[in-house]
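> Here is how the chains run, residue by residue.
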Amino acid sequence: MEKKELQKKAVEVRKGIVTAVHAAKAGHPGGSLSAADIFTYLYFQEMKIDPADPKNPDRDRFVLSKGHTAPGLYSALANRGFFPVKDLETLRHLGSYLQGHPDMKHIPGVDMSSGSLGQGLSAACGMALAAKLDGKDYRTYCLCGDGELEEGQIWEAAMFAGAKNLDNLCVIVDNNNLQIDGPISEVCSPYPIDAKFEAFNFHVICIDGNDFDQIEKAFAEARATKGKPTCIVAKTLKGKGVSFMENQVGWHGKAPNDDEYKIAMEDLEKLEASI
Amino acid sequence: MSTEVKKVATRESYGNALAMYGEEYPDLVVLDADLANATKTNIFQKKFPERHIDCGIAEADMTGIAAGLAACGKIPFISSFAMFAAGRNFEIVRNSIGYPHLNVKIGATHAGITVGEDGASHQCLEDLALMRTIPGMTVVCPSDDIETKAAVKAALDLEGPFYMRTSRAASPVFNDHEGYKFELGKGITLREGKDITIIATGVEVSYALDVAEMLSGDGIDARVINIHTIKPIDEEIIIKAASETAEIFTVEEATVIGGLGSAVCDVVSAKHPAIVHKLGMQDVFGESGSWSALLEKYELDAKGIYKQIKQLHKNG
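Respectively, the protein sequence lines represent chains A and B. Every number in our numbering is 155 more than the matching position in the first sequence, counting from 1. Every number in our numbering is 1 more than the matching position in the second sequence, counting from 1.
This is chain B alone, in the form it adopts within the complex (with noise of 0.2 Å):
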């Protein structure tokens, strides 16, 4: 990816997205505790602050009142770090949202390992393993700027439970193109490709299209494909993907167990039986560092990915 390419952090977009659309949905009211500098909802809470709710350091207090709003017919969103907005609050989730299958959309910020300089105790990287397994929640990843407010969108005329991570760190803004449609539950084929499929999500989906680049000069053709929706997961993109090419190779920046490799596993252990490997952290919480350095431990940025693609693909 060149240097030039505009970079934006997807909290920063959700921020912008919910300021967006407060004025074409009246009923959206944007919850938050004491974190609105950082997820960004201090964007919303400029324009509309008799619509924004700062209920203080009490996630799960924010989470309930949410679900009672949602139950008199406003749209809340609801925003924290995803440690605390699905870890911490993962049973409110479920019993005081989930089960009721209530309206509230949750907008966790600063998920995965590139929340980066706080450490493992802010790392939330069992988000998306939690959500997925509330029955009727939809649970979203966008990989840029673009995606993010789309999703926000999609969620806003959605009618049920949605969570949706996004990140601290700045990604490239790739989707802003004519041809980009974002539709809950349909995965998008970036790059096509006959050896091998990259399925990719949130901050990831950028690197695999740089790996897919260098794995090309290899010799290597790869298809990469944008999961942006965990669930329901796009089973067709995923099927074709497992017949036509050989292997698959999953990137999240979030544990391999439970989330998008997981996900993936499920659709082709059933359907379409293929060789999937799981990138992503294998079972090891995180640790301070910058998110670009820690990228680069884990393997998870453009060169890690492609190291590790090589040497399993070599061994398979």
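Just chain A, with the same shape it has in the complex (with noise of 0.2 Å):
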């Protein structure tokens, strides 16, 4: 896909997402928005996956490891063909099956229900040893919050990736730099993340991961790494296409009104006419 086609698509992740947790009335949209344009590329370019065929065994994995951004996930699913684009609308809402977090007994393309910090990454990791232990070749993508990095069970799997050299194993740090408290670096900070992971033998790959150029070649060369799992720190920009979220702590967890919901779509169209 042309970088142009992704842009647009990213575009139609984020407006989704908006429209998503506009209709929910809670929700978590400053993640998902930083978090667009790699869910965007993943679902678009990068991963082996058939949306008329979500259970396929050799299919890649993506584990959310950061499950309160379902919205992102959700969107990017619905706008790849998973399910209707329409039924975002029902996020969070009673008897739907866009449930908060993502529900893998539910919803199609989940491959992994998610929700409590820290625990997706051992997920993930179970499916890169899964592949390894039958002698197949998909691969497993997990993202991750950097304020999540403060669990410790990321690390005890991060280790174990390492020390098993799970190299079909591609870790993404959405590292938008705020968790709900505030700034990662105030909070308790997990910086530097590089040299953590490079230090659990990781091959490492700091990006913009905003820009479609610096994530293409940040995958390609995580596929191409042999012997080590990648870790991909993005750096990113937290409600990313929404002015009034960007780089705003309280959009963290927090629906935009009738009003706010308005300029975000307003800027949406604009972002998607400047492509």
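It should be emphasised that the hints constitute simulated quantities derived from the structure, not laboratory data.
With a straight-line cut-off of 20 Å between C-alpha atoms, the simulated EDC-like cross-links for lysine to aspartate or glutamate are:
id, chain 1, residue 1, chain 2, residue 2
1, A, K260, B, E92
2, A, K319, B, E51
3, B, K308, B, D196
4, A, K287, B, E51
Relying on the hints, combine the two individually framed chains into one complex.
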């Protein structure tokens, strides 16, 4: 897919995020928008997946370890054809299959349930290990939050991936620098993130996670890396694409009201027109 | 129980069963957290080294890895002491295994007071209570070598999360007869009786049989039921006991809060109210000592159970 097409898809994914969270009157737009370009690249370019056959045993796997950014994942899945985009408006509603956090039992395309921070990377290690045991070549991708790196289980999993040389595993850290209580460097700093993963025997690539050229290069490098897992530290902008949400910690877990929703969608229309 | 009876620790039976079924179940993967020699998964490891994964001292990670393996079609058995497998791990088991209903089996060894010398920090009394609260979780506590092996086989054939607690203590093998049949969710009446019912689980079952013998000398006719599956529990066998005998005594080497005793109370309180005396650890931590000395101190060996039943039955 051409870069411009990816950029346009990413705008659609962002519109889906804003629409879903607005309809839910709750949810997490900030970290969904920061990672929207990564979601888009994974589902429209990188991963070997088929919306018509979401349980294919040879498909690539994705684990959203930062499960609260489910609107980002759901919007990417819907836009990719796993389920109707219209259903995004049922997010978090009673009776909807689009649960507040990823639910692998009921949502087509969701490979692992998540939401309790720190647990997804372990599951991703299990998937990568299963591929190795079965001699299969599918890859496993896992998106973690930067604040999430404060969870101890992340480092247990990182140690395992490094020790067992899981080169079919690619971890992406959405480094938007903000968590609920403030900047990650002030709350309980997990920096330096790159050096930590290097010390755990990862091949580390630092990029601008909102730049498709850099995203493309990083995933290609990850695929070519043998003998150790890769960690892509993606510097991103929280709330990216919506003017009043950008780099605002307050938009971590808050839904826009009707007026704000209108402004947000106008921002995204303008962004689309500029491509 | 006579001294020549064969005794095997159920953790040993667990390790042997894994090795025994490794060939028949090529998707079986065994994970351990640096305790393979103690949990006895090393028996499987020797036979199937490529399918034995040591995760290091990282039980939470091991649990999540198992979830990922199960999501890709493997049948992982994770092993650690019950304190870590169920206690430390509760929320990870709940969210990474229970909520997505993944096909992960938890082989928790060194459960209960019979851990012995390691003391209270390692004596998990709460695992049955914790695991019972997770929707869709099957909870099993086998009584001897034969039953443990049967339970492992049943776990491999079951699609869904499964928790099994085994013990470090050597316990008599008494299910080694033709008529023995293991069925998940089905209790076993080991001895008929019309006065009282003793419902026991795990290593306490053989003591319950001894106690029934002792009580018969006093003219008390005790029924003995082995509940190896705490969840889903056999309601029918419990209701029958509640309607046919005057009192029920539950026996477990675990806290009386939330485990077998509570599960039995949940059944009778709604369906056939009866007096239930819960014998077990009475809201206390254990301590260091040999497992036999501890069972004696907390009145959970044959002599102690007999004493408690005589006392409670008289008062009742």
